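J.: Could you slot chain X onto chain L? The hints should help.
Protein chains: 2
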Amino acid sequence: MAKAKRIFSLLLRLLALGATLSAAIVMVTSHEKAKFFAVSFEAKYSNTPAFKYFVIANVIGGVYSFLVLFLPPKSMLWRLVVALDVIFTMLLTSSISAALAIAYVGKKGNSQAGWLPICGQVPKYCNHVSVALAVGFIGVVIYMLLLLYSIHTALNPLLV
Amino acid sequence: MAKAKRIFSLLLRLLALGATLSAAIVMVTSHEKAKFFAVSFEAKYSNTPAFKYFVIANVIGGVYSFLVLFLPPKSMLWRLVVALDVIFTMLLTSSISAALAIAYVGKKGNSQAGWLPICGQVPKYCNHVSVALAVGFIGVVIYMLLLLYSIHTALNPLLV
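Note that the protein sequences, when read in sequence, are chains L and X.
Counting in the numbering used here, the first sequence runs from 1 upward without gaps.
Counting in the numbering used here, the second sequence runs from 1 upward without gaps.
So here's chain L without its partners, still in its complex pose:
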């Protein structure tokens, strides 16, 4: 039973690793050149601080998931892992929310602030970013499940 639980949790961590790293890679590779009237510009993730933060957070989350895979099952560090899961879930939640907020302005604009949507000019870039955000969202959901699962298994013996 304990072994099945361990395999399930490792599987979730592998999925989390895949999702966070894919999100970072898709975001980094998103760029498109466009002409707006006479001005040619290149849309890329590094122009937007929120997208840079998204990439950094997902790389950190991926590296953390990778390291945890090699933690021996009996290690005392597993206690720390629950606390670290909280920190990294918050980091990923924060990064995807910031990126989504900016992507929303990119798609819809904000007429009161005079910010025009840019997705009409750079549709390929926008699609690329959307995919990165969708994959990043899956990563956050997996992290949340992992955290709730850790809390569940940690609290269960106390209540039986």
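Bear in mind the hints are in silico, worked out from the structure with no lab data behind them.
Among the hints, erroneous ones may be present.
What the hints assert, rightly or not - Non-contacting residues of chain L with respect to chain X, defined by C-beta distances greater than 10 Å in every case (computed):
{"no.": "1", "residue": "Ile60"}
{"no.": "2", "residue": "Pro72"}
{"no.": "3", "residue": "Leu116"}
{"no.": "4", "residue": "Ala134"}
Stated by the list, open to error - Taking lysine-lysine pairs in the DSS-like style, the calculated list, with each CA pair at most 27 Å apart, reads:
{"no.": "5", "chain 1": "L", "residue 1": "Lys108", "chain 2": "L", "residue 2": "Lys33"}
{"no.": "6", "chain 1": "L", "residue 1": "Lys108", "chain 2": "X", "residue 2": "Lys124"}
{"no.": "7", "chain 1": "L", "residue 1": "Lys33", "chain 2": "L", "residue 2": "Lys52"}
{"no.": "8", "chain 1": "L", "residue 1": "Lys108", "chain 2": "X", "residue 2": "Lys5"}
{"no.": "9", "chain 1": "X", "residue 1": "Lys107", "chain 2": "X", "residue 2": "Lys124"}
{"no.": "10", "chain 1": "L", "residue 1": "Lys107", "chain 2": "X", "residue 2": "Lys52"}
{"no.": "11", "chain 1": "X", "residue 1": "Lys5", "chain 2": "X", "residue 2": "Lys74"}
{"no.": "12", "chain 1": "X", "residue 1": "Lys33", "chain 2": "L", "residue 2": "Lys52"}
{"no.": "13", "chain 1": "X", "residue 1": "Lys44", "chain 2": "L", "residue 2": "Lys107"}
{"no.": "14", "chain 1": "X", "residue 1": "Lys108", "chain 2": "X", "residue 2": "Lys52"}
{"no.": "15", "chain 1": "X", "residue 1": "Lys107", "chain 2": "L", "residue 2": "Lys107"}
{"no.": "16", "chain 1": "L", "residue 1": "Lys108", "chain 2": "X", "residue 2": "Lys52"}
{"no.": "17", "chain 1": "X", "residue 1": "Lys107", "chain 2": "L", "residue 2": "Lys52"}
{"no.": "18", "chain 1": "X", "residue 1": "Lys33", "chain 2": "X", "residue 2": "Lys44"}
{"no.": "19", "chain 1": "L", "residue 1": "Lys33", "chain 2": "L", "residue 2": "Lys107"}
{"no.": "20", "chain 1": "X", "residue 1": "Lys44", "chain 2": "L", "residue 2": "Lys108"}
{"no.": "21", "chain 1": "X", "residue 1": "Lys35", "chain 2": "X", "residue 2": "Lys108"}
{"no.": "22", "chain 1": "L", "residue 1": "Lys44", "chain 2": "X", "residue 2": "Lys107"}
{"no.": "23", "chain 1": "L", "residue 1": "Lys44", "chain 2": "L", "residue 2": "Lys108"}
{"no.": "24", "chain 1": "L", "residue 1": "Lys108", "chain 2": "X", "residue 2": "Lys108"}
{"no.": "25", "chain 1": "L", "residue 1": "Lys44", "chain 2": "X", "residue 2": "Lys3"}
{"no.": "26", "chain 1": "X", "residue 1": "Lys52", "chain 2": "L", "residue 2": "Lys52"}
{"no.": "27", "chain 1": "L", "residue 1": "Lys107", "chain 2": "L", "residue 2": "Lys124"}
{"no.": "28", "chain 1": "X", "residue 1": "Lys74", "chain 2": "L", "residue 2": "Lys33"}
{"no.": "29", "chain 1": "L", "residue 1": "Lys107", "chain 2": "X", "residue 2": "Lys74"}
{"no.": "30", "chain 1": "X", "residue 1": "Lys52", "chain 2": "X", "residue 2": "Lys124"}
{"no.": "31", "chain 1": "X", "residue 1": "Lys3", "chain 2": "L", "residue 2": "Lys108"}
{"no.": "32", "chain 1": "L", "residue 1": "Lys35", "chain 2": "L", "residue 2": "Lys108"}
{"no.": "33", "chain 1": "X", "residue 1": "Lys108", "chain 2": "L", "residue 2": "Lys35"}
{"no.": "34", "chain 1": "L", "residue 1": "Lys108", "chain 2": "L", "residue 2": "Lys3"}
{"no.": "35", "chain 1": "X", "residue 1": "Lys35", "chain 2": "X", "residue 2": "Lys52"}
{"no.": "36", "chain 1": "X", "residue 1": "Lys3", "chain 2": "X", "residue 2": "Lys74"}
{"no.": "37", "chain 1": "L", "residue 1": "Lys124", "chain 2": "L", "residue 2": "Lys44"}
{"no.": "38", "chain 1": "X", "residue 1": "Lys33", "chain 2": "L", "residue 2": "Lys108"}
{"no.": "39", "chain 1": "X", "residue 1": "Lys108", "chain 2": "L", "residue 2": "Lys124"}
Since the model is a prediction, treat every value here as computed from it, not as a measurement.
Glycine residues also receive a C-beta, built at the ideal position from the N, C-alpha and C atoms.
T.: Only chain X this time, still in chain L's reference frame:
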């Protein structure tokens, strides 16, 4: 000892209640009329979806903190509270990150996307929003401490 822990945790929840509700109130009351060339406009939180989300998340977080204050110490529901703390901490983290991302564009603009900063036109509004975000940030930190503390107290008996 158990009583001291309980008082400490209730105190944190009271602080969280205060911080989340203050953040929501400060954000809701932020507005400023300004003239930009010939166009007069009013900057208010409800023009920005991310700020609306911030207000809603903080009100939900505040109501949750309030309800938990009345939970009897021996209730079985405390087990659920740890899981709910995870959910609400993520909700607040997400809302403040989205609001901060938009506030950053409001302050600095994004020249590649052609989004101009608006804080020069509506400085009072910007200050008001900054205060709301700072108070909201304190709320998130208190929630994170609460969560790490709950996890610590829940896991401790297992490891002694």
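J.: Tell me if the straight-line CA distance from Lys108 (chain L) to Lys124 (chain X) falls inside 27 Å.
T.: At roughly 26 Å apart (the allowed maximum being 27 Å), Lys124 (chain X) and Lys108 (chain L) satisfy the hint.
J.: Are the Cα atoms of Lys74 (chain X) and Lys33 (chain L) separated by 27 Å or less?
T.: violated (62 Å)
J.: Please work out if Lys108 (chain L) and Lys52 (chain X) have their alpha carbons no farther apart than 27 Å.
T.: holds (16 Å)
J.: Given the hinted pair Lys124 (chain L) and Lys44 (chain L), is their Cα-Cα distance within 27 Å?
T.: holds (11 Å)
J.: For the pair supplied as a hint, Lys33 (chain L) and Lys52 (chain L), confirm whether the alpha-carbon distance does not exceed 27 Å.
T.: holds (19 Å)
J.: Is the Cβ of Ile60 (chain L) more than 10 Å away from each Cβ in chain X?
T.: At about 15 Å from chain X, Ile60 (chain L) clears the 10 Å cut-off, so the statement holds.
J.: Keeping to a limit of 27 Å between CA atoms, is the pair of Lys44 (chain X) and Lys107 (chain L) held or broken?
T.: holds (21 Å)
J.: Between the alpha carbons of Lys3 (chain X) and Lys74 (chain X), is the straight-line distance 27 Å or under?
T.: holds (12 Å)
J.: Hey, Lys107 (chain L) versus Lys52 (chain X), does the alpha-carbon distance stay inside 27 Å?
T.: Roughly 18 Å between the alpha carbons, so the hint for Lys107 (chain L) and Lys52 (chain X) holds.
J.: When you check the alpha-carbon spacing of Lys107 (chain X) and Lys107 (chain L), does it fall within 27 Å?
T.: holds (20 Å)
J.: Taking the minimum C-beta separation from Leu116 (chain L) to chain X, is that value above 10 Å?
T.: Violated, because the least Cβ-Cβ distance between Leu116 (chain L) and chain X comes to about 6 Å, which does not exceed 10 Å.
J.: Do the alpha carbons of Lys35 (chain L) and Lys108 (chain L) lie within 27 Å of each other, as the hint requires?
T.: Given that 27 Å is the threshold and the Cα spacing comes to 20 Å, the pair holds.
Checked against the numbered hints listed earlier, the structure breaks hints 3, 8, 12, 25, 28, 29, 31, 34; every other hint is satisfied.
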